[in-house]
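**Student:** Okay, here's what each chain looks like letter by letter:
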Amino acid sequence: MVEFFKRAYAFPFVAGTWTWLAVSGFFVYFFFCISGFKESRARSFIYFQGRVLQTAVLFVSAFHKKIIKGTPIKNPSILVANHPSTYDTFVFFDFGIKNIVYVAKNWPFQIPFYGKIIKEAGYINTEGKTADEIISQAKERLKKGLHIGIFPEGTRSGTEIGRFRSLAFKMSIETGAEIVPFAIKGLGEMLAPKQIWAKKADIEYKQLEKISPDRFCMEAGDLKMAKAVKEIIVEELNKGL
Amino acid sequence: MEKKTRDEIVQIVNEALIKEFELKSEQMKPEANFFTDLGLDSLDAVDMVIVLEQAFKVKLRTKYEIGKIMTLKDLYDYIENLMSEAAQQNG
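In the order they appear, the protein sequences are chains B and Y. Just so you know, we're using this note's numbering here: the first sequence kicks off at 1 and counts up by one. Just so you know, we're using this note's numbering here: the second sequence kicks off at 1 and counts up by one.
Watch out, some of these pointers could steer you wrong.
[As the list claims (entries may be wrong)] Dumping the calculated DSBU-like pairs for lysine-lysine here, alpha-carbon to alpha-carbon at most 30 angstroms:
1. B:224 <-> Y:19
2. Y:29 <-> B:239
3. Y:59 <-> B:38
4. B:139 <-> Y:73
5. Y:24 <-> B:185
6. B:98 <-> B:143
7. B:129 <-> Y:29
8. B:227 <-> Y:57
9. B:105 <-> Y:59
10. B:224 <-> Y:68
11. Y:3 <-> B:224
12. Y:19 <-> B:230
13. Y:73 <-> B:227
14. Y:3 <-> B:105
15. B:227 <-> B:185
In case anyone wonders, no lab produced these hints; they're calculated from the structure.
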């Protein structure tokens, strides 16, 4: 019974989230059509939209939400995190990081209105591209002073962390940009993949120490770096909340 | 490149992929499709090339369009052909 009320309590806010994404995207899309799409303006909108979502939904869906910031990120870097839930899409915004573009699969780009906005904001669609093409685009974004956000698992993993693909780490080695790992705790319990009803849970986001690609410039260094970074995140997750 | 039998190739490929992609041995059937049965995608293919290059000590990426390999059997065949070509070249 308690479980039912917890779920029933969260549901309207989950529904509200998607309504918010769709409605705000709809109106802003037409504003951009009239005023012209500008990358920085599109990113500001996504940042604002993400912050509202994080604040509103997690305020009601989380018992406690804790954000542990680390050393300020000065240089354009590659930000990676485990990917337990849809809600972690906006996790980096909670650290006040605005100048970021994500590397994502095709589906977010297919969301009406919103997809067009993230494309104009400079988000990188991996669909049909080779790793070299994706890295080439990422290099351009890094040169502009933007951070690159990637979830190396590639898909939402729930409470079990999945395999880390090498793309983010190959990107780091080839561009020289540092990797900044983040550990996301609790979101897998709150809204796991394929779960419609949100549960209440404790949430913690933690920025970990940055990692230089220099010590991975070797044969299959990208795979070794992927494993090393996953170990660091897993170690943090195992500490619990 | 050291010549290997078909069974040795199958064993090396399976062991390498199970270890790297956290697959289960029962999934490693010759007809298994990388995308629909093993849950891999185009970005995993990049990692697969690196893993196999390490396992067989040979460069793969410039010699074959990796996108044409759809099943484990395709991969075994490709490596076997590569080994045969190398053996012929070596005399």
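**Student:** Are the Cα atoms of residue 227 (chain B) and residue 57 (chain Y) separated by 30 angstroms or less?
**Tutor:** Holds, because 21 angstroms separates the two Cα atoms, which is no more than 30 angstroms.
**Student:** Hey, residue 129 (chain B) versus residue 29 (chain Y), does the alpha-carbon distance stay inside 30 angstroms?
**Tutor:** holds, 28 angstroms
**Student:** Keeping to a limit of 30 angstroms between CA atoms, is the pair of residue 59 (chain Y) and residue 38 (chain B) held or broken?
**Tutor:** With Cα atoms ~43 angstroms apart, residue 59 (chain Y) and residue 38 (chain B) exceed 30 angstroms; violated.
**Student:** Check the hint pairing residue 3 (chain Y) with residue 105 (chain B) against an upper bound of 30 angstroms on the C-alpha distance.
**Tutor:** violated, 40 angstroms
**Student:** Residue 224 (chain B) and residue 68 (chain Y) were given as a pair; does the straight-line alpha-carbon distance stay at or below 30 angstroms?
**Tutor:** Distance ~27 angstroms between residue 224 (chain B) and residue 68 (chain Y) Cα, so the pair holds.
**Student:** Assess, step by step, whether the Cα of residue 3 (chain Y) is no farther than 30 angstroms from the Cα of residue 224 (chain B), and give holds or violated.
**Tutor:** holds, 28 angstroms
**Student:** Holds or violated: are the alpha carbons of residue 29 (chain Y) and residue 239 (chain B) at most 30 angstroms from each other?
**Tutor:** violated, 38 angstroms
**Student:** For a C-alpha distance cap of 30 angstroms, please report whether residue 19 (chain Y) and residue 230 (chain B) respect it.
**Tutor:** holds, 15 angstroms
**Student:** If you draw a straight line from the CA of residue 73 (chain Y) to the CA of residue 227 (chain B), is it 30 angstroms or shorter?
**Tutor:** holds, 28 angstroms
**Student:** CA of residue 105 (chain B) to CA of residue 59 (chain Y), is that 30 angstroms or under?
**Tutor:** holds, 28 angstroms
**Student:** Holds or violated: residue 224 (chain B) with residue 19 (chain Y), Cα cutoff 30 angstroms?
**Tutor:** holds, 13 angstroms
**Student:** Between the alpha carbons of residue 98 (chain B) and residue 143 (chain B), is the straight-line distance 30 angstroms or under?
**Tutor:** holds, 16 angstroms
Hint violations for this structure: numbers 2, 3, 4, 14, all remaining hints satisfied.
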